[in-house]
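Chains as they are written, first to last, in our numbering: chain A, 462 to 1046; chain B, 24 to 281.
Any given hint could turn out to be false.
Claimed, not checked - Using C-beta positions, here's what the derived DEER-type ranges look like:
| hint | chain 1 | residue 1 | chain 2 | residue 2 | range |
| --- | --- | --- | --- | --- | --- |
| 1 | B | 106 | A | 663 | 41 to 49 Å |
| 2 | A | 490 | B | 255 | 31 to 39 Å |
| 3 | A | 610 | B | 231 | 47 to 55 Å |
| 4 | A | 492 | B | 49 | 55 to 63 Å |
| 5 | A | 568 | B | 58 | 46 to 54 Å |
| 6 | A | 515 | B | 224 | 20 to 28 Å |
Said to hold, decoys possible - Simulated coverage check for chain B against chain A, where a stretch passes if three residues somewhere in it have a Cβ under 8 Å from a Cβ of chain A:
| hint | region |
| --- | --- |
| 7 | 161-171 |
| 8 | 174-180 |
| 9 | 200-212 |
Keep in mind that the hints were calculated from the coordinates and are not lab data.
A virtual CB, placed ideally from N, CA and C, is assigned to each residue, including glycine.
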Amino acid sequence: MFAAILILGVAWFTVSALSKAASRTAESEILTGQALNAGKRALLGYVALKAADSNEDHPGRLPCPESLGQPGTAAAGIAAPVVVPSFPTCSALGRLPWRTLGIDQLRDGHGEPLWYVVSTGIWALVNSGTSLTINPGLGNQLPLDGQPNAVVALIIAPGTPINSMSEPGVPPAGCANVNQQANRYTVPYDPVNFLECGNATGSYITAGAAPWGNDRVIAITAADVMGAISGPVADRLQRQVAPAMNDWRTTQSVSSWGVSFLPYASSWIGNPATNDFCGDNGVWEGLPPIAGASNPGCSTSWSCASPPCVTSLISPLLGLLATQNCVATGPNMQCSFQGLMLGAGLFSARITVTAPQVANSFRAPITALPPDITVSPSGGSSGVTISNFSLPLSPSTGDATLSFDISQPFILPGSTNFTVTIRNLPDAAILSDPRITWFLNNNWYQYTYYAAAPSATVNPVACAALGDPGCIEVHGLPLSSIGNYWEKRLVLALMGPALPGQSRACTDALDANGLPGPNLIPDCDEIVNYLEEENKSTGNRIFRADLRVATPPPGAPQPYPAFNDRLAVCPYQLATASGSTTICN
Amino acid sequence: MQLRRAASGFSLVELAVVLAIVALLVGGAMATLSSQVENRNQEETRRRLEAAVEALIGYAIVNRRLPCPATATGDEALASGTPATGGPCTTNFPTNSNGFLPARTIGIQQTDSQGYAVDAWNNRIRFAVANAVTGCTGTSTSPHFTSQANLKANGVSCRPNDLVVCASSVGINASSCNAAPSVTNQNTVAFIVFSTGKNGAIASAYGPDETANLDGDPVFVSRPPSGSDAANGAYDDIMLWVPVGVFYGRLIAAGVLP
């Protein structure tokens, strides 16, 4: 009897102990999973918040890890480059910078703080001298589970310290015999005392296999980051880029060219990533015409469109204009000509040159003064004047025509050589406006559709009523007191990631309907693979801003894409508790 | 002659030994049980706080703003004359007598008879929400988080500019951690939900760090628990806070912002 009770007691104790151990293990795994997910949410939240910051030059930039020497110091939990003013090098691996993320320190199910790996130099700044180009085209850079370029960052739960030095057998590939118990917490930390099987050495794995590893990993991909920052980037389009372009329309274009206008769009031809971003005359929708003057594909350089470009204003009795030649020389146009004077007196000539595509671009005018225009009379000394300077913009062609007179009051009989150097039109101030620097430097224009209302271009078309050819309609915005929904002047539509049914491959052999056929129009060339609903037409001047799941129209190809475009528009106004605020007028 | 039978049973000594052993066993069990109950209460409180955070974010997604802390009832306490679309709160930061989780407004269970959400010790859960903002691209009208219109108009570039969590009350002032080590940056925390712990109903038992959490200013203290004999007194508050990036992220994902 006693023996039976004893056996039952031992059995109960054993089962109970095993059950508790299993329960503890499961609980640890759950806690680890919760910590990893909380870390990922906090990381993406931090990245989104930074992306919305008007001073952030690289929206989407990931923070650096805490440096290995920071644990236990007052700087614990702070991303490395933030700690020291001298901006030390950001290393790829360290503990999660929880304080920078604004959270409490997260620990895995074994009480160990989380670690963090980031792709430095590509998704995180290495030091103050590095620059990044982050946009939806930037891919994953770090390997995971043997797959290259799988993630952009990882958060790792290190688990309990492992001592596998006396384990029988050979560690699997990538793993090693380690003793993490000996000097685990000696600062600076050595990652191999926490992470195993490649997680400390750059060959990352999701879950370490006992007894060689016990890490647990959660991945952060480029798509995760882009999903987190698309809203903030759209917000910056609305609050920075659109107002900057609107300021060009209301102020800069008027002071520069005497006419208020938005430049025409760059035609949607081919892959938007390889567009020349040079506006095309009369095109209202397409890609932003942000190409600078130095872009050879978007020349606004002076040319002699209607030779001769130098005409004589000399009295035939006094002299005549001899040889002339106007050629482009680097950033200038240089006109050389010779005055043959029959008698002493006034020499005068008119120069007329043309710059194309000025109404399709953001360009500033030049003045009659050096260094914009310089004159070098080889035989003369001084007294050369420039007069009758004019630089009008043609509404019909969008070209700018420069005309001015060169005069020298007194020249002795004989020949005099003149060289006039005319600087090409420089970029307008908007192209270096701090509000759009991030947009240009990170190539977000490759992912932004641009539409200027015909009524707001250099050759305006009337927009007096709904449906007029000069109007742009934008549906789904809050009501505004600064214009109707059909009186929008500017639309910037941020393209979301490809939705089901959309393909952006340039080598796809399917046609526009996803059917096998001749690849006459590669998918990457078609706007329907980038924008949705009303926004996916390049010519109807009708847009939709609200986020909603589309109802497939009858006969639409399946699966029908949902909607992930985000619009910035002008004019745009929002209600506040005390009235309204105009984001863009 | 009949011999007297030997007395059966336990002697007093034996009984004393047995009772002593039983007392030791029961005492040990009680101590373990008490510790387990305490752990369970802490876990349950943490779970309720996490549920409260989710409920607050859910409320923000539906109503496009955060609620105000509750004062006299379980409903949020908007300042007089404020419309249902939100605006200034009666109070943003808890004191002994107000600054509770607006349980009825956000639909939380586990409330007391007066409609306040409570922790596992039946003490009312506290709630603080940021009022001022900074860094906005455009307008920065306060209150930002509790006004539907301002949250939308100010936008997601705005960062809170008052709530902050410090590691100690030693050295803090009414607006910042000052000389105390900080746990969060001052431009990080959108809202805080916390329990005053087991000693929440006994204000006289509060340590200085706990007192700092109910002094009506936006500076809070979160640190590991300690008894009253610790350097800075008792501390058993359990605190969760939500970084503004996480808050915005949830609203952006829901299509509420920007």
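Right, here's what the structure says about each hint:
1. B:106 <-> A:663: 41 to 49 Å: violated (56 Å)
2. A:490 <-> B:255: 31 to 39 Å: holds (35 Å)
3. A:610 <-> B:231: 47 to 55 Å: Given range 47 to 55 Å: holds, Cβ gap about 52 Å.
4. A:492 <-> B:49: 55 to 63 Å: Because 32 Å falls outside the window, the suggested range is violated.
5. A:568 <-> B:58: 46 to 54 Å: violated (21 Å)
6. A:515 <-> B:224: 20 to 28 Å: Violated, at about 47 Å.
7. 161-171: holds (count 4)
8. 174-180: Since three or more residues must qualify, the claim that chain A covers the region 174-180 of chain B holds, with 5 doing so at under 8 Å.
9. 200-212: holds (count 7)
Of the numbered hints given earlier, the model fails hints 1, 4, 5 and 6; all others are met.
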